[in-house]
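Please build the complete structure, drawing on both the sequences and the hints.
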Amino acid sequence: MSAHHAIVFLLTGAASGLVGAMLGIGGGVFLVPLLTLAFGVPIRAAVAASLVSVIATATASSTVNLDRGLVNMRLAMALEVATSVGGLGGGLAASLLTSQQLFLIFGATLATMGALMVMRSGRRNVIADTSVDPGRLGGRLQEGDTTYVYRLRRMPLALGASLVAGAVSGLLGLGGGIIKVPVLNTFCGVPIRVAAATSAFMIGVTAAASVFVYFSRGDVVLPLASAVALGALAGSVVGARLGQRVEARALKIFMAVVLLVVGVRMALEAL
Amino acid sequence: MTDGEGGRLERLEDTIELALTVGLGVSTVLLLVGLIAGSDTALRWGVLLLMLTPVARVAVVTVGLALERDWTFTLVSFFVLAILLAGIWVGVRR
Numbered sequence: 001m002s003a004h005h006a007i008v009f010l011l012t013g014a015a016s017g018l019v020g021a022m023l024g025i026g027g028g029v030f031l032v033p034l035l036t037l038a039f040g041v042p043i044r045a046a047v048a049a050s051l052v053s054v055i056a057t058a059t060a061s062s063t064v065n066l067d068r069g070l071v072n073m074r075l076a077m078a079l080e081v082a083t084s085v086g087g088l089g090g091g092l093a094a095s096l097l098t099s100q101q102l103f104l105i106f107g108a109t110l111a112t113m114g115a116l117m118v119m120r121s122g123r124r125n126v127i128a129d130t131s132v133d134p135g136r137l138g139g140r141l142q143e144g145d146t147t148y149v150y151r152l153r154r155m156p157l158a159l160g161a162s163l164v165a166g167a168v169s170g171l172l173g174l175g176g177g178i179i180k181v182p183v184l185n186t187f188c189g190v191p192i193r194v195a196a197a198t199s200a201f202m203i204g205v206t207a208a209a210s211v212f213v214y215f216s217r218g219d220v221v222l223p224l225a226s227a228v229a230l231g232a233l234a235g236s237v238v239g240a241r242l243g244q245r246v247e248a249r250a251l252k253i254f255m256a257v258v259l260l261v262v263g264v265r266m267a268l269e270a271l
Numbered sequence: 272m273t274d275g276e277g278g279r280l281e282r283l284e285d286t287i288e289l290a291l292t293v294g295l296g297v298s299t300v301l302l303l304v305g306l307i308a309g310s311d312t313a314l315r316w317g318v319l320l321l322m323l324t325p326v327a328r329v330a331v332v333t334v335g336l337a338l339e340r341d342w343t344f345t346l347v348s349f350f351v352l353a354i355l356l357a358g359i360w361v362g363v364r365r
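Residue numbers (this note's numbering), protein chains in the order written: chain A, 1 to 271; chain B, 272 to 365.
The reader is advised that the hints may include incorrect statements.
Here are some chain A residues the structure puts well away from chain B; computed CB gaps all over 12 Å [said to hold, decoys possible]:
no.: 1; residue: 79
no.: 2; residue: 96
no.: 3; residue: 105
no.: 4; residue: 107
no.: 5; residue: 109
no.: 6; residue: 111
no.: 7; residue: 148
no.: 8; residue: 204
no.: 9; residue: 244
no.: 10; residue: 249
no.: 11; residue: 261
With the Cβ distance kept under 8 Å, some of the chain A side facing chain B (calculated, not the full set) [said to hold, decoys possible]:
no.: 12; residue: 37
no.: 13; residue: 38
no.: 14; residue: 55
no.: 15; residue: 73
no.: 16; residue: 98
no.: 17; residue: 145
no.: 18; residue: 146
no.: 19; residue: 147
no.: 20; residue: 149
no.: 21; residue: 209
no.: 22; residue: 210
no.: 23; residue: 211
no.: 24; residue: 233
These are computed hints drawn from the structure, not numbers from a lab. All C-beta atoms in this analysis are idealised placements derived from N, C-alpha and C, irrespective of residue type, glycine included.
Have a look at this one:
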């Protein structure tokens, strides 16, 4: 790999890490299409590099988010059960669906989620009354001088979404945050910042479930994966900090636009 | 959530943060050295260490929760750890 290529891959990783950490999605959903379509990297090598980079993004942003008390650990642990089972199931089911069907289902799901997020972006999930009991899987969130409380709603839906997110990760080599964050925020009562931080905390584990298989197959091209991961590391540290400063509503709209664009693009890929 | 429970969870979060920072720090140095010096050995260990960092994180959480005698979440965390170890086992066996 030439120095020129290394710099291009570093910058590609940095861009996906930045957006990924802001939204708690890891960035694999941008990285795989970018590496394959723009740089002609073979799909398996792109997926493997993406998984390594997702781990880097998740780990780096989690150190920032843990410090800020944004990660809901109990919720993350409970949902990790579903994502890891989903990851395993996704890997096994990969042979049952054609990639066209996969792209179409995935694209349609994302675009629908994006549209729903836009429609519900004005709703706030937090309660300013701190005497309200957040429950075992809810929590508290500090924003400026105000402490808010949020309660988890529709746990079965959160578990279902995590199962699907894990399956998608196993099938397509993503972190799966692009499914979890919108569902947790839009339907389960989790504030967008907490949803993003908790998702980022989980996706490293989701990616770690399948990355060793890719590594042993020789799909991890070391210079490529390293350059992308280093870029993602730098980008995600900035992204996690930036996510704090941006208004919650702006973050939701940004996420919705990302969902719509990626969803439509993936659906078109299938046609 | 009582104050005591919140404090314990906070301490566990500090330990997790430390594990993540160490894993990330060492792998970053290895990846940088590997890319600059063109050493595949440094790159291989850097990538492997990065891949193992989330596994170490889950192991830390499992032990931390067991020490706190929070058996429900210890079991939950142990289950996730078992899935990850199964993934590594499948990788090693190939």
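Open item on the list: Name the hints, by number, that the structure is in violation of.
Closed with: 1, 8, 12, 13, 16, 17, 18, 19, 20
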